[in-house]
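S.K.: In order, the protein sequence lines correspond to chains A and S. Position 34, counted from 1, in the first sequence is what the working numbering calls 34; the numbers after and before it change by one each time, with no gaps. Position 112, counted from 1, in the second sequence is what the working numbering calls 112; the numbers after and before it change by one each time, with no gaps.
Since the hints were made in silico from the structure, they are not lab data. A hint or two may mislead.
For lysine to aspartate or glutamate, the following EDC-like pairs were computed, each having C-alpha atoms within a straight-line distance of at most 20 Å [said to hold, decoys possible]:
1. S:Lys87 with A:Asp47
2. S:Lys129 with A:Asp47
3. S:Lys90 with A:Asp47
4. S:Lys90 with S:Glu132
5. S:Lys56 with S:Asp99
6. S:Lys153 with S:Glu132
7. A:Lys21 with S:Glu7
Partial pick of chain S residues on the chain A-facing surface, computed with a CB cut under 7 Å [said to hold, decoys possible]:
8. His4
9. Tyr6
10. Trp10
11. Thr109
12. Asn110
Glycine included, each C-beta is placed from N, C-alpha and C at the ideal position.
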Amino acid sequence: MAKQQLSTQTKTKVEKTSSLKGTLASVFFLGFFLIFTWVSVYFLFLDRL
Amino acid sequence: MHMHKYEKIWLFFGIGSLFVFLAVLGVGAFAQGNQPPSCLTTIDPEKVDQTPPFDKPGLVKTGDNEYQLNIVASAFSYTPNQVEIPKGAKVTINVATKDVIHGFEMAGTNVNMMVEPGYVSSFTQTFDKPGEYVILCNEYCGAGHHLMTAKVKVVE
Chain A
1 MAKQQLSTQT KTKVEKTSSL KGTLASVFFL GFFLIFTWVS VYFLFLDRL
Chain S
1 MHMHKYEKIW LFFGIGSLFV FLAVLGVGAF AQGNQPPSCL TTIDPEKVDQ
51 TPPFDKPGLV KTGDNEYQLN IVASAFSYTP NQVEIPKGAK VTINVATKDV
101 IHGFEMAGTN VNMMVEPGYV SSFTQTFDKP GEYVILCNEY CGAGHHLMTA
151 KVKVVE
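Can you make the complete structure from the sequences, with help from the hints?
M.R.: Shown next as structure tokens:
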């Protein structure tokens, strides 16, 4: 028997680019947390000068 | 290369903050002259007791309202371990160690130094608030590390 696989066209699915909204939010959440802690320690330092 | 818009945003943010912090560091070091407490001044750690000013450790008046506080650190004590400083005095603290690495932290102030054998650690601080400050060793130096403390009294 002939191979039937060749006759069926293979469909390559193009994946939709995943949403990065959550990643963006968590990156900025971490970024602002780092800046907030750095600035608070800096003001503690200035207060003790 | 394709890059997601959000990816560009946080890369810009991350690299941008890197440059902001580098600028802060550069201004502090080169424009304001900030340096580590133990910077360039050396001392023979075996001859600390014979080297001035550490042969007579203590508070020395150097000018109008300006003082020098010379302290010798050794396992597990500071010499002297009780100092009285007049309120408002600008004190340059010099610390040297005779043996291992010690810490020198005045709790509640910005005075916080590592004291390495061979180097003199210095920090200048103005004491505006009267009260009692505890000096403690914050570098593990041996079995008696937790007992290594001293006191500074800022009096009117």
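S.K.: Taking the hints in turn, state whether each one holds.
M.R.: Each hint tested on the structure:
no., hint, verdict
1, S:Lys87 with A:Asp47, "17 Å, holds"
2, S:Lys129 with A:Asp47, "12 Å, holds"
3, S:Lys90 with A:Asp47, "16 Å, holds"
4, S:Lys90 with S:Glu132, "16 Å, holds"
5, S:Lys56 with S:Asp99, "18 Å, holds"
6, S:Lys153 with S:Glu132, "5 Å, holds"
7, A:Lys21 with S:Glu7, "10 Å, holds"
8, His4, "6 Å, holds"
9, Tyr6, "4 Å, holds"
10, Trp10, "5 Å, holds"
11, Thr109, "6 Å, holds"
12, Asn110, "5 Å, holds"
No hint from the list above goes unmet by this structure.
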